[in-house]
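Each of the two chains sits in its own frame; use the hints to bring them together as a complex.
The residues making up each chain are set out below.
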Amino acid sequence: MINDTLQNRRTVIAIIITVVIVIYILRLFSIQIIESRYKEGADSNAFFKKTQFPPRGLIYDRNHTLLVYNKPAYNIALIMREIRELDTLAFCKALNISKEYFIKRIAEIRDRKKNYGYSSYTPQLFMTQLGIEDIATIQQSMYKYPGFYIQNRTLREYAFPNAAHVLGSIGEVSQAKIESDSYYKQGDYTGRDGIEKTYEKQLRGVKGVEVLLRDAKGRIKGKYENGKEDVAPKAGENLNLTLDAQLQVLAEKLLKGKMGSVVAIEPSTGEILAMVSNPSFNPSILVGRQRSKNYMQLVRDPLKPLMNRATQAQYSPGSAFKPIQALVCQQMGGISANTLFSCSGPGSSPIKCTHSHGSPVSLLSAIEQSCNPYFWNAFKVTVEKNGYGEKNILFRTNYDEWADKMKSFGLGEKFTDGDIYEQSRGYIPTQKFYNKVYRAETGWRAITIRSLSIGQGEVLVTPLQLANSMAVIANNGYYITPHLNRCDSMRKKIHRCKVDKKYFPIVYEGMCRVFESGTARASRIEGLVMCGKTGTVENSHGDNHSIFVGFAPRENPKIAIAVVVENAGYGSLYAAPIFSLLVEQFIYRKIKRTELLNKTCVTVTNSNVKER
Amino acid sequence: MSKNVSIKYALDWTTVFYFVVLVLMGWISIYGASYDFDQASIFDFDQRAGKQFIWILTAIGIAGVLLLVDSKMYSIFAYVIYGAAILLLILTIFVAKDIKGSRSWLEIGPVSFQPAELAKMATALALSKFMSSYNYKLKNWKDLIPLGVIIFLPFSLIILQNETGSALVFVAFLLMLYREGMNGIVLLLGTFAIFLFIIVIRYSIIPIQIDHGSLGIVLAMSIILIVQAGYAFFFTKHQKESIILVLGAIGIALISYIINIWYHLNYDTVTIITIIASCIYWTVIEIMNRYKKYWFMILFSLISVAFSFSAYYLFDKVLEPHQQIRIKVLLSMEEDLNGAGYNVNQSKIAIGSGGFWGKGFLNGTQTKLKYVPEQDTDFIFCTVGEEHGFWGSTLVLFFYWLLLMRLLRIAERQRDSFSRVYAYCVTSILFFHLTINIGMVLGIMPVIGIPLPFFSYGGSSLWGFTILLFILLRLDAARLERMR
Chain A
-14 MINDTLQNRR
-4 TVIAIIITVV
6 IVIYILRLFS
16 IQIIESRYKE
26 GADSNAFFKK
36 TQFPPRGLIY
46 DRNHTLLVYN
56 KPAYNIALIM
66 REIRELDTLA
76 FCKALNISKE
86 YFIKRIAEIR
96 DRKKNYGYSS
106 YTPQLFMTQL
116 GIEDIATIQQ
126 SMYKYPGFYI
136 QNRTLREYAF
146 PNAAHVLGSI
156 GEVSQAKIES
166 DSYYKQGDYT
176 GRDGIEKTYE
186 KQLRGVKGVE
196 VLLRDAKGRI
206 KGKYENGKED
216 VAPKAGENLN
226 LTLDAQLQVL
236 AEKLLKGKMG
246 SVVAIEPSTG
256 EILAMVSNPS
266 FNPSILVGRQ
276 RSKNYMQLVR
286 DPLKPLMNRA
296 TQAQYSPGSA
306 FKPIQALVCQ
316 QMGGISANTL
326 FSCSGPGSSP
336 IKCTHSHGSP
346 VSLLSAIEQS
356 CNPYFWNAFK
366 VTVEKNGYGE
376 KNILFRTNYD
386 EWADKMKSFG
396 LGEKFTDGDI
406 YEQSRGYIPT
416 QKFYNKVYRA
426 ETGWRAITIR
436 SLSIGQGEVL
446 VTPLQLANSM
456 AVIANNGYYI
466 TPHLNRCDSM
476 RKKIHRCKVD
486 KKYFPIVYEG
496 MCRVFESGTA
506 RASRIEGLVM
516 CGKTGTVENS
526 HGDNHSIFVG
536 FAPRENPKIA
546 IAVVVENAGY
556 GSLYAAPIFS
566 LLVEQFIYRK
576 IKRTELLNKT
586 CVTVTNSNVK
596 ER
Chain B
-3 MSKNVSIKYA
7 LDWTTVFYFV
17 VLVLMGWISI
27 YGASYDFDQA
37 SIFDFDQRAG
47 KQFIWILTAI
57 GIAGVLLLVD
67 SKMYSIFAYV
77 IYGAAILLLI
87 LTIFVAKDIK
97 GSRSWLEIGP
107 VSFQPAELAK
117 MATALALSKF
127 MSSYNYKLKN
137 WKDLIPLGVI
147 IFLPFSLIIL
157 QNETGSALVF
167 VAFLLMLYRE
177 GMNGIVLLLG
187 TFAIFLFIIV
197 IRYSIIPIQI
207 DHGSLGIVLA
217 MSIILIVQAG
227 YAFFFTKHQK
237 ESIILVLGAI
247 GIALISYIIN
257 IWYHLNYDTV
267 TIITIIASCI
277 YWTVIEIMNR
287 YKKYWFMILF
297 SLISVAFSFS
307 AYYLFDKVLE
317 PHQQIRIKVL
327 LSMEEDLNGA
337 GYNVNQSKIA
347 IGSGGFWGKG
357 FLNGTQTKLK
367 YVPEQDTDFI
377 FCTVGEEHGF
387 WGSTLVLFFY
397 WLLLMRLLRI
407 AERQRDSFSR
417 VYAYCVTSIL
427 FFHLTINIGM
437 VLGIMPVIGI
447 PLPFFSYGGS
457 SLWGFTILLF
467 ILLRLDAARL
477 ERMR
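For the record, the sequence lines run as chains A and B. Just so you know, the working numbering puts 409 at position 424 of the first sequence, and the rest follows in order with no gaps. Just so you know, the working numbering puts 127 at position 131 of the second sequence, and the rest follows in order with no gaps.
These are computed hints drawn from the structure, not numbers from a lab. One or more of the hints may lead you astray.
Under 7 Å between C-beta atoms, here's a sample of chain B residues computed to sit facing chain A [claimed, not checked]:
no., residue
1, H260
2, F386
3, I434
Quick caveat: nothing in here was measured; it's all calculated off a predicted structure. By construction, the Cβ of each residue, glycine as well, lies at the ideal position given by its N, Cα and C atoms.
Only chain B is shown next, with the shape it has when bound in the complex (with noise of 0.2 Å):
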């Protein structure tokens, strides 16, 4: 008993207020975005609104039970249970029905259920319980085997069940990494690659001359040599030779550009000798300096451009047919009204129409109108915009920040690392998936199917969401006990 009073006190009811709004917002939107002028009440169990109450009930008595099991075991169990989801990740490719092509619901009775959602818990688990070990070191090669597997495996199972968006949610653990000392050269070096691939698909289709390469590639490999020579201009004391790259380069542009008139030339192969040479150019000074700070950059220039020329094969080779669509739609290269654009433009039209004040509750059209595909999962975010307005949206992404910003503080009072590895898996998970339905919804981001937590409508999310939190609120409260 002593136990659950000091519970009452330990917890951090701020954090369960964030919770509750969520939650209870994300009710009334699914309300909102279900309700279809048969004036069905919100308790009405025939109706998404009325079944996500039930979730919230047992959520909530789920969330009870967690703040009553002892926090040693998350520790000690967090194997078993990462090894039990794994279990049930590969059952599920083999028992699952195939629904819209992923495999990813496994039925028990009434209830179907995503083990996907349970896997994020799990491999938060495994990665604290990991990295939280006695000497173990992220720089360690050795360890980072291990780690990786722990990511890697529930990745690979849930891309086998065709489940892309959801397994994209383990890149989140790259922000928890960043905080446990990954160099914050990866992150750089993974916007970097984002950008230099947007560049690449964006630009590659409009030639630069007609058979003489694409935009795209020339664009990408000048970005690399001002990358190059910002960086030696502003880190390193060679100032005039970067100069003189840039000039050089210029100059090589232009005389490529005159041979043209004359000659059939390739833009493509120029600008990588351009690149090549000036990596050989590099290596010469770090040789004549005797300075050792090049061979990095001429690494991630080489990369770099294998990384520009693979960029467009994967799109076209690697990439499904409708994942290739969504990204071009979103980078505006096709305007798929009716096909891929579709869902993205009536979602933009729904948050649009919505104005400052919003249509008011229960009066989006968009969204009464079933103009806005899986308006209750995914496109949740479209009622709230469509029907409270910008002060409403700008309401709901105030709570996430708030409850972001909390999580983070939580996670840097934690006084064993394995909670605060914890707490970073949580807060990633959330960001991440926030930052993907939400830019998704707003038409910035691709359209990757994956839940607005707390808010979409069904069990498995916010079953996975209010365990992934309440575990780390139960580890939290647990930080006071043992200060007693």
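Excised from the complex, chain A in its bound form (with noise of 0.2 Å):
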């Protein structure tokens, strides 16, 4: 037979069918103990990890005052897939939308380039950041629109509809940010402005995962290993802030019908008891749907409501600057406490008196009664006091001193150590400003630079750093930065101002010589010694700011404050009451001048301010 010559190719046959089984073995070691690649295709496919979202933390006043908390908001989720026979119309009609506003929705979830991670088996948002009461229709017919979930959320609700600057909002995050912070995800919350961004690594909490199993159709089928792998989410810290509820809404309340701005500072601690800003808004506007719409109609408001005054308008100081100035041209020698200068009334030269008072005048009474050719002369004394002329060297020497010691009182600078997100500087001029206005370095000297002895000119400062320099005259020569998160730790934060102590009475007692015969002698309180100085500051836009500053009591100061009234003439017949005020509610928990509140409030400066 043939058979035994052909019987080597059952060799043959058994070395191909070996070499087979060989080559599969040495692809199944390849794939599965080389490549790693596949063990991640396969979690990725069959994890869903779904974020748990923690609850937001929540805001507190000093006193416990619950101010901000979270309300449920609702998402309502489609998966195109699981869509069917879909009654448009009703379903519209429930959700109180257009069958355009549906279509243009559909459309750009299914359109990649605007929705990148576009899949028709996963949840995809339909509308976000809905109330009770827009789904309240929809929710007990949600069976019949099989594809269309609902997703629980939550939202910021407001106890008070103040402090809308202080507080700030929250809103989706942007792109920008997803690239920047790997925590965010196309549809997280994050503080945009206020409080909220400056704490949001507090106030977010950390999100959780739950890991679900998810079947080739994008189906969940339950929990992976019970929960085993499952992170909880960790709520999000609380937040205590400086605020005095109470003074806050008192100091909203005052400003109605103005365009203006109040700060109040602990001086002992740096906490801020109270910042306003006029106009304003409602925070609760800024939250859920109706977010975008407010928005813009803030930034499109003439006005500027969006702007918070308090941080970030900068104006002259006017004779506000004074007290300060008197301290600083005390420290460099420039004057003492018994130098007079003669004051010819309204005709001084170069700068004139807008008030009557006698001549000689002493620093006491400058102070008093806010002596515009006294400062002058001050302020020209300390800078020229090594020398006159324009090639002096000194002068230039003595003026950055001025402006340093100026600087040490948390003038013309932010506050970088705080946590205020939203600041301008200010600015107490540079040195070099000057040598390029003047084009040379010896293009100027006191007299070209009059206005800074008064407060005018190019020196600028934020209602906030106003408020912190009382705090500085009250505390005897230091600041701590002023700051909204009630802890021990924005406590530390301590400035000296380079003035020594010992100068600081004669400031104290001109200041308090204001209230008792001086510029606001009419906002004084019986019984309470208070220091403070009117402004009233000439501006380009306008009539003359009216600016109050001052701190009370005389003695173990409590509370220090600014005031700024935007064009409205006086800083003794505007800011001075709203002054006196927010001191004898904060002193006396109680305000008896109740013919004085309700004359305040009333008052309108700025016809075009309404109450919103």
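Spelled out as structure tokens, the structure:
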């Protein structure tokens, strides 16, 4: 038979079989042991990591009054593939949306250019941030709309319609933020401004994750290993603000019908007791679906209600600058408590006096009477103490020293170690600035920059800086960075000013006399010794700004305040009563002068500022 | 009764053991594959594992019956069985319902059945009968024609049922034919043809220079030249001539490259001319030296050239789009992870994620969550790979190897050619299924939907393979009967 000669072919066949099986075992070895991407592939297939959102931290005031809390919000999500036999009309009606909007949204969801992660198998957001009232109708009939789901989220709710600028708001995270911080995913909320932004990390908490099993069609088939791999969300930390809710509410009331701001600081701690900017808005309008509409309205408003005037507006301080001027000039040896200068009233040169008082004037009376010529002379002798003349180098050194000492009061620089996100810098002009403006180092001298002596001209401060400068005086020479978060660590940020303690008493006395016999006589409180200074600031935008700064009581000051009422007129007329009422409220927790209160509240200095 | 006793001793229990091991491993894998987190029992008859249990019991029953039948009957009724199977295949084309484009399932009451599975066994019997007939010779052209008809008839009928995968199994008989005396060159040529096909298809889309012919053709032609030169160099005395040929070819390549700088020249044409020139060159050598060894090589070259050029046409025009895309995906020409490449990609993920020890029984996420399609039938091996890892997969492959080696041994110990041919038919069919199925799951073979023997879910395939195997075991047992 032929078979015998062909028997070795069995070996050939056996070899072929063996080779194929060995190749397959090698292939198995390669994909199962050498390569790791298949393991990752299987995990990303099967495990659907569902984010568990932590409740955002609550916000309280200094007396543990709840200011901001969370309320449930709802998203309508859809899974394109599961939608069938949709009665679009009924659906739109139940959600109170137009058919056009529905069609537009569906198209947007399907558009991978706008919606990168689109998949017809996974939930896509159809509408977000709905309130309970928005979904009340559809909730009962949800079963009629297969493929649509209601997701639970939380939104912010405000106990008071106040302090919008301090509290800030949250909104959906921007694309740029998602790219820079891997914590955030599309659709997450984040603090957009105010305290919500500064303390975003504490308030947001830590997201948890629920590991779910997802099948090939994207359906969830239950928890993985009964939740062994799940991570519970960590609730956001609550925040105790330094604000005094009652004081804040009162301050906002007092600023009604006026454009301006109030900042109140507790000098011993640097805690901001009240911070108001008017025109303002109710913080709850920036929550939920109306957010973007209302936000745009606020952006377009010519009165700029979104701007926090208390920290972002910059004014020349005017006479409110004089107490600090007095301190710096004494420290630099330009004047002493006994220095006298003559004042010719309105006839004075180069700066005339707006008040009528005797001459020559002492430092004390100069503060009390807000004498412009005195402070011009004081400034002049201070910066020109080492000689006179445009070519005098020592003049410029003195000027630098003056600016440096001014800055040590927290003026002209942002508070970088604080927790206020929106701040303007203010400005204490530098030598370089004047060199440039006057085109040469020798082009300027005291007379050129005389406006500085009375807080006009190039010098700019924010109301926050002004209030803080009062805290420095109240504290006899130091301040704690003004802050909003009531905690020990913030209280340790002490900054000393570069003026010795011994120069303060006379300024105290002068500021005290402002109430006793000076420009703010009308705003006295019986039985309480207060220190203050009016300011009436000329500006290019219209009537003078009415400014008042001060602190109270004189011994152991509890509160330092800056009040700015834009384009109102005399500081004593508009800003001083507001200061006085706030002090009364804070010290006595009650206002007896109801007549003054009512009068101040109804005073309108800018008819465009309406209540919102 | 005496026959029963003799079967008990004569039966090759080793094979039966491998069979039982594979069937049980398959059954457990089916339970794993269809397990859906609802703790269904492996005996739940609504589930696939439960149904498979019934199939296994019936298959064992069938095996028992097959062992009781007199071994001569298989030889006697071989043509009858073949004829019946052919009739059944024809009937199926007309009667069967269209399931995903294929008309291959017969429904008898609650049971669906695929006659193609039986046709393999019937064809194996018919081939064995024909090839063991007196005065049959493989080299005889007259005998080759009926042989071809026996294979081609069921093949074409199954193609008509749109079950290309099952039809391709008939190619496996080449291995048996090789053992029975077919020139080994056929296997080599077959391999070379597949190789050329892959080269041409894989690189045809890459132009060698824009509008100057495709890399695929140039590569294919170069390979043919290398085969020519290699053959001449190693198997004849014309070493010098073969070196001249290679140098000449390189020369032509350089010259055509230089010419291309000024004149537009198609490299495809250049390579054909080169091959024709080489054929003339060898003819001249043959005539001058009166050396008759080159005519076959020249024929081979010309057929290869024709094949290369028709390969792309075949691919482009004859294959259906879904078949084209499967091949393209396999050759990494396209990565269609959501379409044609989805199955294989998910299958590789399932197996690859198993690691060395696997994820543990019933812990495979890929299979539990239905990422792998057809995971209890054609892609059943994924479950093994995912849940039992490298060691489990290797163990399964090892058992298949043991079984195949055992079958070879059984085949060679047969004394009559009917049994031996049949044994080789069985071995070839099982080997083909194994190669294609596991290769497909591992992503190194095109997606051809054929089951893994004894493993995949399904009555038809389990019955088909059981019948195939146990007829062999019955024939093998008879070998000892006759010795007594």
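Taking the hints in turn, this is what the structure says about them:
{"no.": "1", "hint": "H260", "result": "violated, 43 Å"}
{"no.": "2", "hint": "F386", "result": "holds, 5 Å"}
{"no.": "3", "hint": "I434", "result": "holds, 5 Å"}
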